[in-house]
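A.B. asks: One letter stands for each residue in the lines below.
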Amino acid sequence: MTTTGTAGTAGAGTTVRTVRAGGTVPGRAAGAGRALEFWARTYRRTWRGSVVSGVLSPLLYLGSLGFGLGTLVDTGASGGVGVPYVLFVAPGVLAANAMQAGVGEATWPVMGAIKWQRQYHAMLATPLAVVDVLLGHLTFIVLRLLAVSVVFGVVGALLGAFTSWWTVGAVLVATLCGAAYAAPVMAFAAAQENDQGFAYLFRFVLVPTFLFAGTFYPVDQLPAAIRPVAWVTPLWHATQACRDLALGSPDLAAVGAHCAYLALWVAVGVVAARVVYRRRLVR
Amino acid sequence: MDADDREVLISARGLTKRFDDFTAVDGIDVEVRRGEAFGFLGPNGAGKSSTMRMVGCVSPPSGGELRILGHDPRTSGPQIRARLGVVPQRDTLDEELTVAENLVVYARYFGISRKAAHAKAAELLEFAQLAERAGSRVEPLSGGMKRRLTIARSLVNDPEILLLDEPTTGLDPQARHVLWDRLFRLKRQGVTLVLTTHYMDEAEQLCDRLVVMDAGRIVAEGSPRSLIEEHSSREVLELRFPDDDNAPWAGPVTAGAGALAERVEVLPDRLLVYTPDGDAAVQAVHAAGLRPSSVLVRRSTLEDVFLHLTGRLLVD
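First to last, the sequence lines map onto chains A and B.
Just so we're aligned, residue 28 is where the first sequence starts under our numbering, counting upward by one.
Just so we're aligned, residue 6 is where the second sequence starts under our numbering, counting upward by one.
I should point out that these hints are in silico values taken from the structure, not numbers from a laboratory.
Don't take every hint at face value.
[Stated by the list, open to error] Keeping only pairs whose Cα atoms sit at most 25 Å apart, straight-line, the calculated SDA-like set for lysine to any residue is:
| hint | chain 1 | residue 1 | chain 2 | residue 2 |
| --- | --- | --- | --- | --- |
| 1 | A | Lys142 | B | Ser147 |
| 2 | A | Lys142 | B | Ser141 |
| 3 | B | Lys120 | B | Leu176 |
| 4 | A | Lys142 | A | Val298 |
| 5 | A | Lys142 | B | Val143 |
| 6 | B | Lys151 | A | Val298 |
| 7 | B | Lys151 | A | Pro136 |
| 8 | B | Lys192 | B | Arg230 |
| 9 | B | Lys151 | A | Val46 |
| 10 | B | Lys151 | A | Thr45 |
| 11 | B | Lys120 | A | Ala56 |
| 12 | A | Lys142 | B | Asp186 |
| 13 | A | Lys142 | B | Arg95 |
| 14 | B | Lys120 | A | Gly49 |
| 15 | A | Lys142 | A | Arg72 |
| 16 | B | Lys151 | A | Gly54 |
| 17 | A | Lys142 | B | Thr103 |
| 18 | B | Lys151 | A | Ala56 |
| 19 | A | Lys142 | B | Arg230 |
| 20 | B | Lys120 | A | Met138 |
| 21 | B | Lys120 | A | Arg47 |
| 22 | A | Lys142 | B | Arg119 |
| 23 | B | Lys192 | A | Ala56 |
| 24 | B | Lys120 | A | Val52 |
| 25 | B | Lys120 | B | Glu100 |
| 26 | A | Lys142 | B | Thr174 |
| 27 | A | Lys142 | B | Leu176 |
| 28 | B | Lys120 | A | Pro136 |
[To be verified] What follows is a set of in silico ranges between Cβ atoms, one per label pair, in the way DEER data are often shown:
| hint | chain 1 | residue 1 | chain 2 | residue 2 | range |
| --- | --- | --- | --- | --- | --- |
| 29 | B | Asp249 | A | Gln223 | 25 to 31 Å |
| 30 | B | Ala139 | A | Gly49 | 21 to 27 Å |
| 31 | A | Val234 | B | Asp25 | 33 to 39 Å |
| 32 | A | Val79 | B | Val13 | 56 to 62 Å |
| 33 | B | Pro178 | A | Arg230 | 49 to 55 Å |
[As the list claims (entries may be wrong)] Negatives, chain A to chain B, calculated, CB over 12 Å:
| hint | residue |
| --- | --- |
| 34 | Val43 |
| 35 | Val52 |
| 36 | Phe65 |
| 37 | Trp66 |
| 38 | Gly107 |
| 39 | Val157 |
| 40 | Gly196 |
All C-beta atoms, glycine included, are put in the ideal place defined by N, C-alpha and C.
Start from the sequences and build out the full structure, keeping to the hints where you can.
C.D. replies: In structure tokens form, the structure reads like this:
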């Protein structure tokens, strides 16, 4: 104990070392855990709103597309998609929903932590390193995506849009899909000076992906020239794997390959985000 | 107290920070010893904050040597930061969380157990006179309260060095005095303080020793008293003449005060006569037949030193 001279005699509120505390340097996992704890604590203040939107999202999508549009598809001249349309579209929307949540969590919150509320700067004044800050936030996002996807799965199952226990696997793949978007978008967000870029990201990347990556119809329906564009997107892989799982008789080798592709996006995203974060936060 | 016996906690040799082609810190040498209150004084853009960020191990030096608590910040940033307390220029409090939560969250970054973090938060809220606001959200607090909370937060890990970057900028006089009082107490408890400021009264109140920075360089170093002795006269005589322009009076005043005027400075509305004896200088000016409309004799202050060393021109 280093001495404080006045500690023994001073009254309440005049000394700061009656309670002993000291900083320690974390290992990698512990460092990310310390950063994660902050995000989890902040989330405790806002979780109610996110639960409402988490439940509403599957109700709206599955209600309008699965049961509304689905009635037309199933009874139309084309003969449908081989299974009731709601069973076809639900796993796709499950994955797309995670993608949207992943991008949402990786844009404004990241910029806020750099520019507005500056929580990253607070963390970096402590023993935490840039990697801890990054991985802590990403871990929080993944947990949020898991929660969002679980809620989607449960609500969808109650609506009859998911019928197989393999849907549990689809929920996990959807979470991975969200992470495959969140990690690179964190890198993108940390490189932005203002949130103008996010509008372009949503308009020119996210919405087209949502419409053309096989969520609502098989990509085979697209002109041959466009199909490869869909195949590159993580969402297409996630949709294929989720659909395969949720329909109850998955080809596990194919699902594994899709997951590997998603994991690659996560890995590349983390490496890129680490470079951008360091450039932005340590200068 | 002989400063030289105390352990050197911060030592910089030729420390440099460049951003592209702009040199913010241009080869400074600094030594801070345990228990000292050390100040970086300088106008905006002098390189104070860049220096503080390097010492805080959040900005790698571009050149020179820097050792903090015996470690090299390039390789041991986390180890050093574990033993530092940082009060950044702009608050980084989380405004959505409560006052107490801000402290606990921050303590957790240092790996302090939840139990200890809560106990520490209670102690620090007493110290920062925020105990009754423990459960309120940060956002509606006054600027002074947020600043005190930031200082409280910087103390969660019992830091050996406390870095304060312009701790009272933007606060009203009452809030500043409360803050100074808290910093005094910390100093008495043996915490080494390193602060930047452009307020002379703050530097005089808090610092045992300071350096004056200008354009990335150190232009003077010493205790507030020794800086005044070295760079200014003992007293300053302020003369106003009833004309729009006081400049023409500089010549007659210089001649009239004779050897009593070490230096005469012309300001738009008055003349400053730097002199060892203000009253004698007044007599000499009157004896020379000059009739200023107002006369003020005062002691030299750090502000005189500062303006002398860094100039009166606005550089930004």
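A.B. asks: If you check each hint against the structure, which ones fail?
C.D. replies: Violated: hints 3, 6, 12, 16, 18, 19, 20, 22, 23, 28, 29, 34, 35, 36, 37 and 39.
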